[in-house]
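K.L.:
Given next are the chains, with one letter for each unit.
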Amino acid sequence: MIEVVEIIVGALMLLFAVLAIESKKLINSVIYMSLMSLLSVVSFIIMKAPDVGITEAVIGSGLVTFLFVITLTQIKKTGDTK
Amino acid sequence: MKRIIAILLTVAVGIFIFTGLYGEDSDFKAFGEKNISDTVANSYVDKNVDADRESPESGSANVVTSIVVNYRSLDTLGEVTVLFVSALGVALLGGFLKEKVTFSVKPGFILKNGMKIISGIILITGIYIFIHGHLSPGGGFPGGAMIGSSFLLMYLSDEEFKTKITAFKIMEGTAGSLILIIGLAGLSIGGYFLYNFLPNGNVGDLISAGIVPILYVLVGLKVGSEISNLLGNFLNGEVE
Numbered sequence: 001m002i003e004v005v006e007i008i009v010g011a012l013m014l015l016f017a018v019l020a021i022e023s024k025k026l027i028n029s030v031i032y033m034s035l036m037s038l039l040s041v042v043s044f045i046i047m048k049a050p051d052v053g054i055t056e057a058v059i060g061s062g063l064v065t066f067l068f069v070i071t072l073t074q075i076k077k078t079g080d081t082k
Numbered sequence: 001m002k003r004i005i006a007i008l009l010t011v012a013v014g015i016f017i018f019t020g021l022y023g024e025d026s027d028f029k030a031f032g033e034k035n036i037s038d039t040v041a042n043s044y045v046d047k048n049v050d051a052d053r054e055s056p057e058s059g060s061a062n063v064v065t066s067i068v069v070n071y072r073s074l075d076t077l078g079e080v081t082v083l084f085v086s087a088l089g090v091a092l093l094g095g096f097l098k099e100k101v102t103f104s105v106k107p108g109f110i111l112k113n114g115m116k117i118i119s120g121i122i123l124i125t126g127i128y129i130f131i132h133g134h135l136s137p138g139g140g141f142p143g144g145a146m147i148g149s150s151f152l153l154m155y156l157s158d159e160e161f162k163t164k165i166t167a168f169k170i171m172e173g174t175a176g177s178l179i180l181i182i183g184l185a186g187l188s189i190g191g192y193f194l195y196n197f198l199p200n201g202n203v204g205d206l207i208s209a210g211i212v213p214i215l216y217v218l219v220g221l222k223v224g225s226e227i228s229n230l231l232g233n234f235l236n237g238e239v240e
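First to last, the protein sequences are chains A and B. The first sequence begins at 1 in the numbering used here and counts up by one. The second sequence begins at 1 in the numbering used here and counts up by one.
These are computed hints drawn from the structure, not numbers from a lab. Check before you lean on any hint, since a few could be wrong.
As the list claims (entries may be wrong) - Here are the simulated DSBU-like pairs of lysine-lysine, each with C-alpha atoms no more than 30 Å apart in a straight line: (1) B/2 with A/25; (2) B/34 with A/24; (3) B/2 with A/24; (4) A/48 with B/29; (5) B/112 with A/25; (6) A/48 with B/34; (7) B/169 with B/112.
All values derive from a computational prediction rather than experimental measurement.
Turn these sequences into a full structure, and let the hints steer you where they fit.
P.N.:
Right under this line is the structure:
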């Protein structure tokens with residue numbers, strides 16, 4: 001049973017990692033990366049490392065996503081005169 | 001063409017790592033099959049590293065905490081210093097932003113009222129996590145980051161929200177100084193910096209494991225106030 005969950009989580013993580021690299025809009029990349037961190041929390045819990053899981057949940061999928069989103073909303077296009 | 005080369009390179013590196021990890025003569029056993037009875041880790045789990053002492057080990061139920069805050073306390077102090085330096089950098093550079101960060105979307109009804117319900121729960125969970133850092137998973141850093149994310153929610157839902165920044169600065173400075181004072185007290189009592197000089201108590205009690213819970217509460221308060229302060233500097237632009 002737990003092996004099935006592991007395989008599904010691993011496959012979804014690979015999928016989201018590829019999507020984060022390949023998506024055209026940067027905001028979509030950030031959200032896919034956040035989803036990948038969220039799935040890695042599940043995988044850390046399965047591997048019996050709850051300490052790492054809590055840290056990853058708070059920092060990896062919470063604060064880092066916030067930082068990227070805020071930075072993306074604040075970037076202005078300059079030099080794009082054409 | 002470039003993409004094909006990139007894919008081939010990735011597959012080659014993947015095969016290299018996989019065979020290195022799961023090959024015939026590899027030290028990396030499959031999950032759960034590693035025999036730790038002849039490694040250093042066994043001494044940490046059995047808590048008999050320093051057997052000459054009267055009360056040998058810290059007695060914290062969480063093995064990770066007993067390593068992070070007892071055997072390797074100085075590293076934790078270094079991590080706190082790294083966070084402090086980055087917060088200082090944001091505070092110094094925040095003056096160049098000059099204007100408050102504004103969002104194109106105004107906070108709606110659901111965000112405003114959901115925040116009132118959920119931010120208190122997040123705050124209490126963060127405090128619980130660092131108080132019980134020596135018993136259950138978690139500790140000062142995740143707990144502090146959770147407190148910071150609770151304040152982040154308050155910043156996002158209310159544009160006029162402004163925390164008492166001086167109160168956070170005082171709390172951060174006091175917590176940081178108290179960590180150093182406890183370390184120096186250990187130096188004068190036991191002969192080592194951050195020596196665990198308090199009695200251990202029973203494993204599993206809330207008040208046990210000597211100075212470990214005190215240090216973790218201080219680290220949690222310091223990290224929480226630091227991240228809240230950092231977010232405030234980041235979002236409010238110029239510091240007065």
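K.L.:
Next step is simple, just say for each hint if it's right about the structure.
P.N.:
Okay, the hints, checked on the actual structure:
no., hint, in the structure
1, B/2 with A/25, "holds, 21 Å"
2, B/34 with A/24, "violated, 43 Å"
3, B/2 with A/24, "holds, 18 Å"
4, A/48 with B/29, "holds, 16 Å"
5, B/112 with A/25, "holds, 28 Å"
6, A/48 with B/34, "holds, 14 Å"
7, B/169 with B/112, "holds, 27 Å"
Of the numbered hints listed earlier, the single one contradicted by the structure is hint 2.
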